[in-house]
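S.K.: In order, the protein sequence lines correspond to chains A and B. When we follow the working numbering, the leftmost residue of the first sequence carries the number 1, and every step to the right adds one. When we follow the working numbering, the leftmost residue of the second sequence carries the number 210, and every step to the right adds one.
What the hints contain is simulated information worked out from the structure, not anything from laboratory work. Among the clues, some could well be false.
Claimed, not checked - Straight-line C-alpha distance at most 25 Å; calculated SDA-like pairs for lysine to any residue: (1) B:K350 to A:T106; (2) B:K350 to A:H167; (3) B:K302 to B:D390.
To be verified - Residues on chain B that point at chain A, a partial pick, calculated with CB under 7 Å: (4) L268; (5) S272; (6) N275; (7) P290; (8) Y292; (9) E355; (10) D358; (11) L458; (12) G459; (13) E460.
In this text the structure is predicted, and so the values were computed from the model without any measurement. Backbone N, C-alpha and C define an ideal beta-carbon position, used for all residues, glycine too.
The lines below spell out each chain.
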Amino acid sequence: MKPTPTRLHPLPVRIMHWINAFAMIAMIMSGWGIYDDDVIIHGLHFSSALRLGSWAAPSLLWHFAAMWVLALNGLAYLIYGFATGRLRERMLPIRIDALVQTIRETLHFKIAHDDLTVYNAVQKLLYIVVILAGISQVVTGLLIWKPIQFSSAVALLGGFQAVRVEHFVGMSVIVGFLMVHVALSLLVPQTLWAMLSGGPRLQPRGKTS
Amino acid sequence: MRSPFRPSKPPDPDILDNHRDRIRLLQRRGIIRGGLSLGALALLTGCDVTSDPSIDKGLRQISKWNDRVQAALFDPNHLAPTYPASMILRPPKFNAYYDITEVKPVAVADWKLELAGLVTDKRPWTLERLMTLPSSSMVIKHICVEGWDYIGGWSGPTLRSFLERVGADLHAKYVAFKTADDYPSSIDMATALHPQTLLATQYAGQKLADPFGFPVRLRMSTKLGYKNPKWITAIEVTNQFPGGYWENLGENWFAGI
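Assemble the whole structure, with the sequences as input and the hints as a guide.
M.R.: Here is the structure:
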């Protein structure tokens, strides 16, 4: 089969990326609306400007609507990523020395981004972490929704309140990623443009490369 | 017989007139808050999605779909974990749409449990008669939609045994409740027949205290706290969707856990 040159971000990836962006922001902001009724960190509240839904019930309605978009879109992304080999190709391998090197360069404000088609080690690690955090959010979210139906899984993760904390930590990881991700995409705007238009065409890469 | 589920008198239009200013204030505040609360999303979509009634309608449609998903996830044979009696919180946590100081105790001499709908024996029950039914006990976790939980110990006849005794149609869709504190509620038949669904008359081996629903309240191990009405005065078996106090305000109806 003749390999056709594909773009850095093929159309399905771009569509799934932006659906995920909307769903994730809706999940985070409605989650903050739900959180406020019984806080996990004493004294931490989210202002109404940051909450999706005017009180807990509409926040819950949003959360339990956006969850379908997030979960189904995420599932489609994972199936696509594994089936096409894209996930492995873009995220692996991560080498420790490369990781240390990139961190050192970043701390010296040398953010090299001449070639958008190659992810540096830190990028790879962050993408893997956020994908795992997303999967973890779906699992802990399902367990908070159905702690009795899935009582053995809840017990395995330390009980209902522990799963709530895990769901909160997962959110924090994703929000942390989001801040770095958005800041860097604004710092290197061609990455943002690439996620809209597709970015540079990749050299056809066979399995041998 | 007149159904106890029909309002005894139509809503008074004066109430709306007298509160018109407050209602207007509420809506204006809602619009301001809605406008602010969206922040980033509103910028991206170019519209305010929280104050749009069609959005609210759409979200409630999805909530109805979620009711069906939850009914499918509900396993009628799966029992919730139970705990030793030493872990029971005494007294239980009070939670309602009003403060504990506003609880109006039910006088047992005047109290009776009425029946309506798809039930063959509609004779009202006294507490004395209810106490003659075999009692079950369970020490289970109460989980509130807000996120907190506590362990409580409840005793009383199973709702299943009660429904069987009064000749209820066990293939009907819903069991609805009326209460002394105007907190209508309803559940699906599958949950009504679950072995951990009790008409609780006792807490931690003692008579149920006034703030917690004396003489009888519903306690289910498989639903969120707000689905458990206290001070029950009437039970109806029906195929018409009955809704409920919080559910009509937008909380999810099935609310299974």
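S.K.: All the hints need checking, so say for each whether the structure fits it.
M.R.: Hints and how they fare:
A threshold of 25 Å between alpha carbons decides the hint, and for K350 of chain B with T106 of chain A the separation of about 49 Å lies outside it, so the pair is violated. Between the alpha carbons of K350 of chain B and H167 of chain A the distance comes to roughly 20 Å, so the proposed pair stays at or under 25 Å and holds. Only pairs whose Cα atoms come within 25 Å are accepted, and K302 of chain B paired with D390 of chain B is accepted, the gap being roughly 18 Å. Look at L268 of chain B: its Cβ gets to within about 4 Å of chain A, closer than 7 Å, so that hint holds up.
The interface hint given for S272 of chain B holds, since its Cβ lies 6 Å from the closest Cβ of chain A, which is under the 7 Å cut-off. Given hint, N275 of chain B at the interface with chain A, holds; its Cβ is 5 Å from that chain's nearest Cβ, closer than 7 Å. Taking 7 Å as the C-beta cut-off, the interface hint given for P290 of chain B holds, the closest approach to chain A being about 5 Å. For Y292 of chain B, the shortest C-beta to C-beta distance to chain A is roughly 11 Å, which exceeds 7 Å, and the interface hint is violated.
Hint status for E355 of chain B: holds, given a least beta-carbon distance of 4 Å to chain A, under 7 Å. Because the closest C-beta pair between D358 of chain B and chain A is about 6 Å apart, less than 7 Å, the hint holds. For L458 of chain B, the interface hint holds, since its Cβ comes within 7 Å of a Cβ in chain A; the closest pair sits about 6 Å apart. For G459 of chain B, the interface hint holds, since its Cβ comes within 7 Å of a Cβ in chain A; the closest pair sits about 4 Å apart.
For E460 of chain B, the interface hint holds, the least distance from its beta-carbon to any beta-carbon of chain A being 5 Å, beneath 7 Å.
Violated hints, listed in ascending order, are 1 and 8; each of the other numbered hints is respected by the structure.
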